[in-house]
Amino acid sequence: MEKQGLKQGIILTLPVLAGYLFLGASYGMIMQSNGHSLIITQLSSLLIFAGALQFAAIPMFLGAFHPFSAMLLALLVNVRHLFYGISMIPRYTYRHIGKFFQIYTMADEAFSIQSSLPEDTSNKTYLLIGVLCYSYWQIATFAGFLIGSALIKQIEGLDFVLTALFFVLFLQRWEHKSSRTYLSVGACATTFSLIFLPKSQFVLFSMILILIVIMLEYKSKENRR
Amino acid sequence: MTQYQLLITILILSLVTISTRFLPFLWFKDHKLSPWMQFSTKKIPLASIGMLMIYGFKDVTTLSVTAIFMQLISLILIAIVYKISKSTLWSLAIGVSVYLLVMNI
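Going down the list, the protein sequences come from chains A and B. For what it's worth, the working numbering labels the leading residue of the first sequence as 32, then goes sequentially. For what it's worth, the working numbering labels the leading residue of the second sequence as 10, then goes sequentially.
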C-alpha cells in the first residue's frame with residue numbers, strides 16, 4: 032500500500048522531476064560560476080524553494096545589500112501563492128507538522144498537480160507530492176553545483192516540460208464546461224497584464240483583475256436575489 | 010555583499026515566500042468564511058490554473074523564433090493527444106519529446 036502510494040506520487044510528479052532537474056541544475060551551476068559556496072547555494076534552495084524567485088534574485092546576490100528590495104522582490108514574485116493557499120484551504124487538512132510541510136512545499140508545480148486531483152484525495156498524497164517536488168529541487172541544485180550541470184545543460188529547452196505541464200492541467204480542467212468561465216478569466220487577465228505591464232508587476236495586477244471580476248459576478252448575483 | 014549579508018538576504022527571501030504560502034491558512038484559521046469568501050474560494054482555484062498556464066509563457070519573448078514556433082506545434086500536439094487519450098502523462102510525453110527532439114537535432 033505504502034509502496035504503491037509512492038509509485039503513484041512519482042508518476043504524478045514525473046514532469047516536475049524532468050523540469051526541476053533541468054532548472055535546479057541550471058541554478059546550481061549559475062550560483063557556482065558566480066563564486067557562491069555550496070552551502071549558500073543549497074541553503075537558498077532549501078529555505079526559499081521558489082524557482083522563479085531564486086533565479087530573479089541571482090543579480091541581487093552579486094550586488095550591494097538591500098534588505099528592503101529583497102523583501103519587495105520576493106513579495107512581487109511570490110504574491111501568487113496567496114491564491115494557491117486560498118484554493119488549498121479545504122484540501123490540506125493535516126494537523127501540525129504534516130500541514131506545515133504541505134504548505135511549505137506549495138510551489139507552482141505541486142499546486143497545479145494537487146489541485147487537479149479529486150476533492151477526496153488523501154492528505155498523505157498531497158504531502159507526498161509536495162515533498163517529492165521539494166526533494167527533486169534539492170537534488171538538482173546539489174548536482175548542478177557539483178557537476179556544473181554540463182550534461183543536463185546540453186539538452187536544450189527541457190524547461191518547456193513545466194510550461195507544457197501547466198498547459199495540460201489547464202486542458203484537463205477545460206473538459207468541465209462549468210469551469211471554463213474562470214479558467215478563461217484567469218488566462219485573459221494574466222495575458223493582458225503580461226502584455227501591458229512590467230514583468231515585475233504583472234502577476235499582482237492579474238490577481239487584482241481576477242478579484243475584480245469575481246466581485247462583479249458576486250455583486251450581480253446578490254442584486255438578483 | 011558579505012557572506013553574512015548574503016545569508017540575511019536569503020533569510021528575507023525565505024521568510025517572505027513562507028508568508029505568502031502560509032498567510033491564507035493563518036488568516037482563515039478561526040474565521041468563518043463569509044458568503045463573499047465562500048463564493049471566491051470556488052472561483053480562485055480555477056482562475057489560478059488559468060493564470061499559471063499563461064505564467065508558464067512569461068519568458069517566451071527571450072526564445073528564438075524556431076523555439077516559439079516549435080512550442081506552438083507541440084502544444085497543439087498535446088491538445089490533440091489529450092483530446093484522444095484523456096491522459097495528461099501521455100500527451101505531455103509525446104508533446105515534449107517532439108519539442109526536445111526537434112530542438113536538439
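Note that these hints are calculated values from the structure, not bench results. All C-beta atoms, glycine included, are put in the ideal place defined by N, C-alpha and C. Hints are not guaranteed to be accurate.
[Stated by the list, open to error] Derived pair list, reagent style EDC-like, types lysine to aspartate or glutamate, alpha-carbon separation capped at 16 Å:
1. B:LYS67 x A:ASP190
2. A:LYS130 x B:ASP68
3. B:LYS92 x A:ASP190
4. B:LYS95 x A:GLU248
5. B:LYS51 x A:GLU150
6. B:LYS51 x A:ASP190
[Said to hold, decoys possible] From the structure, some residues in chain B lie toward chain A, with a derived Cβ separation under 8 Å:
7. SER23
8. ILE27
9. PRO33
10. SER43
11. SER49
12. ILE53
13. MET60
14. LEU61
15. PHE66
16. THR75
17. PHE78
18. LEU81
19. LEU84
20. LEU101
21. MET112
22. ILE114
[Stated by the list, open to error] Computed footprint of chain B on chain A, listed as stretches where at least three residues anywhere in the stretch have a Cβ under 8 Å from a Cβ of chain B:
23. 73–84
24. 157–165
25. 196–202
Going through the numbered hints above, which ones does this structure break? Give me the numbers in ascending order. 2, 3, 4, 6, 10, 16, 17, 18, 22 and 24
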